[in-house]
Amino acid sequence: MKQTLLLCMLMFSAFLSSQIKFENGYYINNAGEKTEVLIRDLDWIANPVSFQYKLSEADEVKTATIKDVQEFKAYNGDKYVRANVQIDRASQRLSDLTYKAEPDYKRETVFLKELVAGKARLFKYSDGGINRYFYQMNDGEITVLIYKPYLVSNDQVAYNMDFQKQLKESFTCKTDTQSSFANLRHEEKALVNLFLAQNRCLDPDFVEAEKTKTKQFNVNIRPRVNFSSFTAQNAGYNVDTDFGSQTTFGLGLELEYILPFGKSRWAIVAEPNYRYYKSSLTQFRNDSYIFTPIDSTVDYKTIELPFGIRYYLHLSPKSKLFVNALYVFDIPVGADASITSGTSLLLSTDFEGGVEPAAGFGLGYSFNNKFGAEFRVFTDRSFFPENRGYTSNFKNTSFILSYNLF
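Going left to right, the sequence shown walks through residues -18 to -1, 1 to 388 as mature numbering (1 follows the signal peptide of the UniProt record, and there is no 0) numbers them.
Note that these hints are calculated values from the structure, not bench results.
Owing to the predicted nature of the structure, the values given are computational and were not obtained by experimental measurement.
Straight-line alpha carbon distances no greater than 35 Å define the calculated DSBU-like cross-link-like pairs of lysine-lysine that follow: (1) K352 to K300; (2) K61 to K44; (3) K101 to K197.
Start from the sequences and build out the full structure, keeping to the hints where you can.
Here's what the structure looks like:
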């Protein structure tokens, strides 16, 4: 088991460090020259200050920095534009707010992510938990959209919403959405919709740039075969019980959320499933040449609740490998165990106190986002609290099939 877990952990580490493929794109240097390249698109959470590229598949990897590049884009990804702008890096968490209503701006040169192109352009800057929005009208100056929460008393928060006034004054083409500037929220979806409407009004031929939409939530039904074994020991009673190996069947329902970054490689998964282990045996204990029968039974039924992260390694548009790292805990349902020696009850439990949680590691394959299979191993866990005088060891591995419901 230890060797298997080690192998899974090594493979997991290898997957995490596996190289994201280079995609067709371009960059524009300080002289305004456009160069077609292959860009390593990391689908950045925080706006980058540099990126890696190659001139061809056989070429060596190079790094371009914000000092040398005005603009870059992977054609299937986001466009980043260099700009020297005012940024307020103050945290907007409630515990960090001050009584100052005006943002504390400092000028920085950064790469801004373009959210909307056209005559009215919208940009976003993200870094370390902060999100700031910027806009540009008709190739003019890129300007920050002014917004700041601040305190007016110890338990009351007000908001500097000057960005509403900025956009109302800047948007010259009247649309239905402009009547609601006073209710405009400082969030990406609301701002994107407003800028798209303004561009359609300014230019009847405006076409919104197509973006690949990725399904973010999956529900999968997952039947499985469990391979389990269980042992229990009590030195004081001279009990060493091996309940043996069992092959059982279970059924689970997996909920998967694909995280909106990292090129759809990361996901959060939760998978409640039913599992059971049942065994009984009789052994004989040698008490000074008197052989006493030891009757042992265990009937363990549980709703197992794994929760963790998944990382995908895309092999082709329809084929991918994945690895899981999970935290697993059980909710026993109708479970009990007992060990008796003659007429003496040595152990009886209904597992009300639960069992130790475990870690799980899985390696799997998915085809066409519809069918899948996974081999999963778990760390050993104890069923009996040690203060009962017993130590125990439950081992489990599973082979799981998967079918996507929606």
